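Knowing the structure of chain A, use the given hints to seat chain B on it.
Sequence order for the protein chains is A and B.
Counting in this note's numbering, the first sequence runs from 1 upward without gaps.
Counting in this note's numbering, the second sequence runs from 1 upward without gaps.
Simulated from the structure, these hints should not be mistaken for lab results.
All of these numbers come straight from a predicted model, not from anything done at the bench.
Be aware that one or more of the hints could be misleading.
[Claimed, not checked] Quick list of in silico lysine-lysine cross-link-like pairs, DSSO-like style, CA-CA up to 30 Å: (1) Lys85(B) / Lys67(B); (2) Lys39(B) / Lys121(B); (3) Lys67(B) / Lys51(B); (4) Lys129(B) / Lys94(A); (5) Lys204(B) / Lys194(B); (6) Lys64(B) / Lys95(B); (7) Lys94(A) / Lys142(B); (8) Lys176(B) / Lys94(A); (9) Lys67(B) / Lys95(B); (10) Lys94(A) / Lys178(B); (11) Lys65(B) / Lys95(B); (12) Lys94(A) / Lys67(B); (13) Lys72(A) / Lys85(B); (14) Lys72(A) / Lys94(A); (15) Lys67(B) / Lys121(B); (16) Lys39(B) / Lys51(B); (17) Lys39(B) / Lys65(B); (18) Lys46(B) / Lys121(B).
[Claimed, not checked] Examples of chain A residues lying across from chain B (beta carbon under 7 Å, computed): (19) Tyr28; (20) Val34; (21) Leu40; (22) Arg42; (23) Tyr48; (24) Val95; (25) Ile129; (26) Leu136.
[What the hints assert, rightly or not] One side only, chain B facing chain A, incomplete, derived with CB under 10 Å: (27) Thr144; (28) Leu172; (29) Lys182.
No residue lacks a Cβ here, since even glycine has one placed at the ideal position from N, Cα and C.
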Amino acid sequence: MSQQNLEQLAMELNNATTEGDLSLSTEYHEGLSVITVTVLDREEFPIYITIDESQILCVTHLWREEEILAGKREELLDAMLIMNAPMPLSAFSKVGQQYILFGALFTEASVDEILEEVDTLSNNTLLAIEELSEFLHSESE
Amino acid sequence: MGIFSKLFTALRGAGNEMGESIIDTQSMRILDQELRDAKTHLDEAKENLTKVIAQQIGADRKVKKIKKAINEHETYAMQALDSGKEDLAVEISEKIADLENSLEADQMVLDGFNNSVSTLKQTIRNTEKNIQALEREINVIKTTEKVHQANEAAAARFSGSNSKLNSATSSLERIKRKQQEKTDRMAAALAMQKEEAGDDLQDKMREAGIIGSEASGNSVLERLKAKQKKKIKNKG
Numbered sequence: 001m002s003q004q005n006l007e008q009l010a011m012e013l014n015n016a017t018t019e020g021d022l023s024l025s026t027e028y029h030e031g032l033s034v035i036t037v038t039v040l041d042r043e044e045f046p047i048y049i050t051i052d053e054s055q056i057l058c059v060t061h062l063w064r065e066e067e068i069l070a071g072k073r074e075e076l077l078d079a080m081l082i083m084n085a086p087m088p089l090s091a092f093s094k095v096g097q098q099y100i101l102f103g104a105l106f107t108e109a110s111v112d113e114i115l116e117e118v119d120t121l122s123n124n125t126l127l128a129i130e131e132l133s134e135f136l137h138s139e140s141e
Numbered sequence: 001m002g003i004f005s006k007l008f009t010a011l012r013g014a015g016n017e018m019g020e021s022i023i024d025t026q027s028m029r030i031l032d033q034e035l036r037d038a039k040t041h042l043d044e045a046k047e048n049l050t051k052v053i054a055q056q057i058g059a060d061r062k063v064k065k066i067k068k069a070i071n072e073h074e075t076y077a078m079q080a081l082d083s084g085k086e087d088l089a090v091e092i093s094e095k096i097a098d099l100e101n102s103l104e105a106d107q108m109v110l111d112g113f114n115n116s117v118s119t120l121k122q123t124i125r126n127t128e129k130n131i132q133a134l135e136r137e138i139n140v141i142k143t144t145e146k147v148h149q150a151n152e153a154a155a156a157r158f159s160g161s162n163s164k165l166n167s168a169t170s171s172l173e174r175i176k177r178k179q180q181e182k183t184d185r186m187a188a189a190l191a192m193q194k195e196e197a198g199d200d201l202q203d204k205m206r207e208a209g210i211i212g213s214e215a216s217g218n219s220v221l222e223r224l225k226a227k228q229k230k231k232i233k234n235k236g
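So that you can see chain A by itself, here it is in the shape it has in the complex (with noise of 0.2 Å):
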């Protein structure tokens, strides 16, 4: 998928609704290639989509090193990787500080497939952050 077909991705999946009845607005931001994907009532966690030669990558930013309690980082490691294979078609990775939640499509990928991908990877963030609060500082903290 090129640059021009990744701002054609971003117009096709601007105001469309998953089939979770998830209501999309996209950005598309020229200089970096990215489609900033927002979700209504979710905007705290929006979807980026890039791509690469071999892949389409849909990314979630979750939370930064220093969101992670004292002493219980190995313990929300353990649980992220325990975690890992039951989420279905998403898998944790780590980005400098940042923890992001990430699935991979295939270049020829429909947008049917990637609004798919879209609605799974924003029910997997929040389920992730849910699941895993426990280990994080919370709002009041």
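Same frame as chain A, now just chain B:
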């Protein structure tokens, strides 16, 4: 150092602060340099292959020429034997022996070139694979950086400079609150709708016992039984 370790270095070096690149630029420069080196190595290997293939063709031609000459001389020797010219046959056989010695030496040279060609082809295949792997990995890093920058822009726009608002759990809490508010709003809208339809007043009166509850098989039966009892009493 393997590719994996280099990527690890390239990605873990930076990104401690908001707005900072997540890529260790020094490591990226090294990876880019390695890619350029690998491409130069590939060009050299291809050039070498061309030279060796030319030599291989030459050696092959020579070996074929000697084999042909041996075959021809064997025919000559047979013809000399057939016509009883033993001396000539001996002389031709000696020539054949010389040719066979040359063939052995040239065949070894040809075998050497054949080996070199297959080794060089393998090297080229491996180098090409390495280049593809490096390009793919560099792409992954650059892609990750792009996503990071897009996220920084989105996060800054969403919550400004208040990093506390930015935490995963507080964001989740906000989403849950929004969902709850939405559910409450929907319930309120439903209640209003009901009220407009007069259902609400009916419900309130029913709850207060001012009006009876809705008819059911049991309540009808109870009513009939009560009626019957009253009738018997009146008769009595």
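Evaluated hints:
1. Of the supplied pair hints, the one linking Lys85(B) and Lys67(B) holds, its CA atoms being roughly 24 Å apart against a limit of 30 Å.
2. A distance of roughly 15 Å separates the Cα atoms of Lys39(B) and Lys121(B); the hinted pair therefore holds under the 30 Å criterion.
3. Taking the CA atoms of Lys67(B) and Lys51(B), the gap is about 25 Å. The hint holds against a cut of 30 Å.
4. For the hint pairing Lys129(B) with Lys94(A), the CA-to-CA distance comes to about 27 Å; that is within 30 Å, so the pair holds.
5. A threshold of 30 Å between alpha carbons decides the hint, and for Lys204(B) with Lys194(B) the separation of about 12 Å falls inside it, so the pair holds.
6. Pair hint Lys64(B) plus Lys95(B) holds up; C-alpha atoms about 17 Å apart against a cutoff of 30 Å.
7. Using a Cα cut-off of 30 Å, the hinted pair Lys94(A) and Lys142(B) holds, with the two alpha carbons roughly 15 Å apart.
8. Restraint check for Lys176(B) and Lys94(A): satisfied, since their Cα atoms lie roughly 25 Å apart, inside the 30 Å limit.
9. A C-alpha spacing of about 13 Å is found between Lys67(B) and Lys95(B), which places the hinted pair at or below 30 Å, so the restraint holds.
10. Among the hinted pairs, Lys94(A) with Lys178(B) is consistent with the structure: their alpha-carbon atoms are about 28 Å apart, no more than 30 Å.
11. Taking the CA atoms of Lys65(B) and Lys95(B), the gap is about 14 Å. The hint holds against a cut of 30 Å.
12. Note on Lys94(A) and Lys67(B): the hinted pairing is violated, with a Cα-Cα distance of about 66 Å set against a maximum of 30 Å.
13. For the hint pairing Lys72(A) with Lys85(B), the CA-to-CA distance comes to about 102 Å; that exceeds 30 Å, so the pair is violated.
14. Note on Lys72(A) and Lys94(A): the hinted pairing holds, with a Cα-Cα distance of about 17 Å set against a maximum of 30 Å.
15. A threshold of 30 Å between alpha carbons decides the hint, and for Lys67(B) with Lys121(B) the separation of about 28 Å falls inside it, so the pair holds.
16. For the hint linking Lys39(B) to Lys51(B), the alpha-carbon distance of about 19 Å falls within 30 Å, and the restraint holds.
17. Proposed proximity of Lys39(B) and Lys65(B) is contradicted: the alpha carbons are some 39 Å apart, above 30 Å.
18. Proximity of Lys46(B) to Lys121(B) is assessed by CA-CA distance (about 8 Å); at most 30 Å being required, the pair is judged to hold.
19. Here the hint on Tyr28(A) is broken, as its CB sits about 10 Å from the closest CB of chain B, past 7 Å.
20. Using the Cβ-Cβ criterion of 7 Å, the hint placing Val34(A) at the interface with chain B is satisfied: the shortest such distance is roughly 4 Å.
21. Residue-level restraint check for Leu40(A) is violated (minimum Cβ-Cβ distance to chain B is 10 Å; threshold 7 Å).
22. Because the smallest distance between the Cβ of Arg42(A) and any Cβ of chain B comes to about 5 Å, under 7 Å, the interface hint for this residue holds.
23. The interface hint given for Tyr48(A) is met, as the beta carbon of that residue sits about 4 Å from the closest beta carbon of chain B, less than 7 Å.
24. A distance limit of 7 Å between C-beta atoms decides the matter here; for Val95(A) the minimum to chain B is near 5 Å, and the interface restraint holds.
25. Among the interface hints, the one on Ile129(A) holds; its C-beta lies about 5 Å from the nearest C-beta in chain B, closer than the 7 Å criterion.
26. Checking Leu136(A) against chain B by beta carbon gives a least distance of about 5 Å; that is within 7 Å, so the hint holds.
27. With a least beta-carbon distance of about 5 Å to chain A, the hint placing Thr144(B) at the interface is held under the 10 Å criterion.
28. Checking Leu172(B) against chain A: minimum C-beta separation of about 5 Å stays under 10 Å; hint holds.
29. With 10 Å as the threshold, the beta carbon of Lys182(B) comes within range of chain A, its nearest partner Cβ sitting at about 7 Å, so the hint holds.
Hints 12, 13, 17, 19, 21 from the list above are not met by this structure, while the remaining hints are.
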